[in-house]
Amino acid sequence: MESFIKRLFRLIPVLLGISIIVFLIISLTPGDPVQIMLGDQHVTPEMEQALREDMGLDLPIHERFIRFLYNASQGNFGRSFFHRRPVMEVILERLPATIELTFCSMMMAILVSIPLGVLAAVKKGTAYDRSSVVTAMVGVSMPGFWFGIILIIFFAIHLQWLPVSGRSTFSLRVPSVTGMLLIDTLLAGRLDSFLDAVKHLILPTVTLGMAMGATLMQVTRASMMEVLKQDYILFAEAKGLKRRRVTFLHALKNALIPTVTVAAIQTGQLLGGNMIIETVFGWPGVGSLVVRAIFNRNYPLVQAAVLIYVLIYVLMNFIADILYTVLNPRVRI
Amino acid sequence: MENNKLYDQPPLLKIEQLCTYFDTHAGLVRAVDGVDIDLYPGECLGVVGESGSGKSVTFLSVMGLIKKPGRIASGSIRFNGTELTGLTPRQYRNIRGKEIAMTLQDALTALNPSIKIIDQIAEVLREHDREIVARGKKAIRERAVEMMRLVGIPDAENRLHDYPHQFSGGMRQRIMIAIALSCKPRLLIADEPTTALDVTIQAQVLNLIADIREELQMSVIIITHNLGVVSEYTDRTVVMYAGQIVESGFTRDVILNPQHPYSQGLLKSIPRLSELDKPIHPIPGQVVDLIKLPSHCRFLARCSRRSEECRQEIPMKIIDDFTKVRCPKTSNQN
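Line by line, the protein sequences give chains A and B.
So the mapping is simple: the working numbering equals the position in the first sequence, first residue as 1, plus 992.
So the mapping is simple: the working numbering equals the position in the second sequence, first residue as 1, plus 18.
Here chain A stands alone, though its shape is the one from the complex:
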């Protein structure tokens, strides 16, 4: 418990450092951020001044930083010029869609890759093992956007089994409670809407899950092969235990340590970084929002999003650390 708190405290300097960098995004951008943000829109000098004051750009830099820190700690990152609403509100509205997609991809990746990785390690050197290694290699190296587009062309356009993009069909929308459609549709008791949400989820989930699963499979296979060579596996066999118990308890319990760590870090990356996949599938999550915000030079939104990404990433790393200690009694204090 003590080490847990210690670790939590160690996050503070990381977050502080990140906030400085995020703050500097605006301050060190060459030129006048207000001019850049406005681009070629026609505005009156009064409106320009109002925006400048709204962003606090009329104050000296140290005062601005303190104000930024204070506001950020309150969850206030200013207003989105385009949405005419606080940026935090805009982002939080989109976050459930990203979380839902990430969660489904992660579940798919874990459920598929761990058994396949274990099997490959147990059947080391066989045709099955070799073909799974090649498949994983393809999965890791295939660009996600390309794979996504291929899936869309085949399953959505050619076969017309699944929708091309988006999260739901307009006519089947249900009132938002959690923002996660799989939950909201069930809360509303609408099976048709639920199935609609599932159909929309399949292609982006497979696209994301493929890359993650391929990595996880490689990690599981490698660590499983390492573990199977250990003396404690030989000793477990010498005890006359069933093969299943040796593989899935004695070996997998130790082999999962790196896999779980990688999975947690991947989840953090995904929650922050699936802009491309969200854009390809028109998924209304944070990723596609940020992409548009970058094109629109919507600095406050980008700032807020970057900070949230970092926060999630750091948090997932923290969880990975915790899981590592839970799985590995040797590092427990």
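Think of the hints as simulated: they come from the structure by calculation, not from any bench.
There may be inaccurate statements among the hints.
Stated by the list, open to error - Derived BS3-like pairs (lysine-lysine); straight-line CA-CA distance at most 27 angstroms:
1) B:Lys155 <-> A:Lys1234
2) B:Lys155 <-> B:Lys202
3) A:Lys1234 <-> B:Lys86
4) B:Lys156 <-> B:Lys134
5) A:Lys1221 <-> B:Lys155
Please arrange chain B on chain A, whose structure you already have, making use of the hints.
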């Protein structure tokens, strides 16, 4: 001999002409090449040899734990009248851990680092001992405590939920022995039981094995490269070299009056406190390549007594019922 009663019964373990080979890219490794060993009920047998002599592989073959690319190429292993080679995995599981138990060299690596001690003991009982399973969880726990007390773990009932790394090296070795013996097997194969331990702990562990052997009336095989271990704790000794047995006999004879030049070399290479001023004599040269085994005596290149008659296949010379030497020059040179 003092223990002659032991040898009236049929052997508990009878290994005949065992050959265990490994198919590697470099060629066929003949790790065990025609080994015969008889072990009698209640007996303690020492198997001595340097690394690569085939001593561990012989007994992994007995346990049915030879992994690919290894295989038992020929020979027979009979335990209590049952032929072990060719048993199905399921039949073998009923022998491993129940009838024949094995401990490994280093308990730190042999115990699963992320499973509690109680579970590592309990799983053997659950696998093999229906009677105790029927009596429930509490009985299993009691047996675990009993085993840990038997091997001398202090405060056993409070340490059941500890992990292996929370014990000292000697305690871990004891726990490994407790796990191996929890189903009261008839044969314990202890592979290098002292190598990983401090000298002060070695004797404790060996005495423990000797005491338990008495208590459980079991046979013990101690695989070691330490002749000191053999001389104090075993009834008979088998010396292995390059996959073959080069000498076997009663331990006292092998230690005091070794016949084979290799056994003699092994003894000469032990430093003695009484002869600290004299240099120790290592055996010159290296173990032969197990892929390119010569057809003549395998020890020839390192032997100080070699002559023309050694340049042919050397058969085992039977001196009496229990004493055999694989050397044409069996005259004593002490």
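Of all the hints given earlier, name the ones this structure violates by number, lowest first.
Number 5 - this is the single hint that the structure violates.
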